[in-house]
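**Q** Listed below, chain by chain, are the residues.
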Amino acid sequence: EADIYQTPRYLVIGTGKKITLECSQTMGHDKMYWYQQDPGMELHLIHYSYGVNSTEKGDLSSESTVSRIRTEHFPLTLESARPSHTSQYLCASSEGGGSNYGYTFGSGTRLTVV
Amino acid sequence: QKEVEQNSGPLSVPEGAIASLNCTYSDRVSQSFFWYRQYSGKSPELIMSIYSNGDKEDGRFTAQLNKASQYVSLLIRDSQPSDSATYLCAVTSRTNAGKSTFGDGTTLTVKP
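Sequence order for the protein chains is A and B. For the record, in the first sequence the residue sitting at position 99 is 99 according to my numbering, with numbers rising by one throughout. To get my numbering, take the position in the second sequence, counting from 1, and add 1000.
In case anyone wonders, no lab produced these hints; they're calculated from the structure. Please note: incorrect hints may appear among the correct ones.
As the list claims (entries may be wrong) - Straight line, CA to CA, 25 Å or less: simulated DMTMM-like cross-link-like pairs of lysine to aspartate or glutamate:
hint : chain 1 : residue 1 : chain 2 : residue 2
1    : B       : Lys1067   : A       : Asp30
2    : B       : Lys1099   : A       : Asp3
3    : B       : Lys1056   : B       : Glu1015
4    : B       : Lys1111   : A       : Asp3
5    : B       : Lys1067   : B       : Glu1057
Unchecked claim - Short, incomplete list of chain B residues facing chain A, as computed with Cβ under 8 Å:
hint : residue
6    : Ser1032
7    : Ser1049
8    : Tyr1051
What the hints assert, rightly or not - Simulated DEER-style distance windows between Cβ atoms:
hint : chain 1 : residue 1 : chain 2 : residue 2 : range
9    : B       : Ala1017   : A       : His73     : 40 to 48 Å
10   : B       : Arg1060   : A       : Glu79     : 27 to 35 Å
11   : B       : Pro1014   : A       : Pro39     : 22 to 30 Å
12   : A       : Lys18     : B       : Ser1008   : 35 to 43 Å
13   : B       : Asn1007   : A       : Gly16     : 20 to 28 Å
14   : B       : Tyr1051   : A       : Gly51     : 19 to 27 Å
All values reported here derive from a predicted model rather than from experimental measurement. Even glycine gets a Cβ: it sits at the ideal position worked out from N, Cα and C.
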């Protein structure tokens, strides 16, 4: 039973389109993260949030933006999709209050830009 | 040097054997250590966490932590083909604002 939900599961979109990847969690977690992962490759942190109205860029330069207006919702937006954005995007969350909590990952969105 | 390094794979063991996965980290003030399992095409799943030196056992899985050597390992006893996956080591530190730093992963194959 997933407590963190990502939609859509798969998305094929044309170059130049604006897209929003949805991520919602029902666990009340303060911390949320977006990762990018190519098949068989490492995870790259692209955005994170430690609470409402708090967002930070991650280690990997990204042309995407995020917002955190509600605790449970952390959408990621690409204003103009390019083929280089083709990848899997993983959303994760963890409890706040320190570093002793692991992450719960969503099922991911596999994005293909043609 | 990467902040979190895992032994390069792939690792192949026969069914029923012990699989040993290793991870070293560079930040001496790291506090929390996690192992995730990621099946091909799926998202990572947290399987073990460890915070203090020593061993922590959960079923067939044992995590071992040695902070002096900056080393954490995962042992899988009685390995099963269903254990075939990529295992990610993650380390969390106050110096990284509580975010986890992930290793590249080690791919394990358990052969029947």
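**Q** All hints are to be evaluated individually against the structure, with a verdict given for each.
**A** Hint by hint, here is what the structure shows:
1. B:Lys1067 / A:Asp30: violated, 28 Å
2. B:Lys1099 / A:Asp3: holds, 20 Å
3. B:Lys1056 / B:Glu1015: The hint holds at about 23 Å.
4. B:Lys1111 / A:Asp3: Cα-Cα ~33 Å, so violated.
5. B:Lys1067 / B:Glu1057: holds, 18 Å
6. Ser1032: holds, 5 Å
7. Ser1049: holds, 5 Å
8. Tyr1051: Constraint on tyrosine 1051 (chain B) satisfied, holds at 6 Å.
9. B:Ala1017 / A:His73: 40 to 48 Å: holds, 45 Å
10. B:Arg1060 / A:Glu79: 27 to 35 Å: Violated - the Cβ-Cβ distance for arginine 1060 (chain B) and glutamate 79 (chain A), about 47 Å, lies outside 27 to 35 Å.
11. B:Pro1014 / A:Pro39: 22 to 30 Å: holds, 27 Å
12. A:Lys18 / B:Ser1008: 35 to 43 Å: Distance hint for lysine 18 (chain A), serine 1008 (chain B) holds at roughly 40 Å.
13. B:Asn1007 / A:Gly16: 20 to 28 Å: Violated: the Cβ-Cβ distance is about 43 Å, outside 20 to 28 Å.
14. B:Tyr1051 / A:Gly51: 19 to 27 Å: Cβ of tyrosine 1051 (chain B) to Cβ of glycine 51 (chain A): about 24 Å, so the range 19 to 27 Å holds.
Violated hints, in rising order: 1, 4, 10, 13; the structure is consistent with all others.
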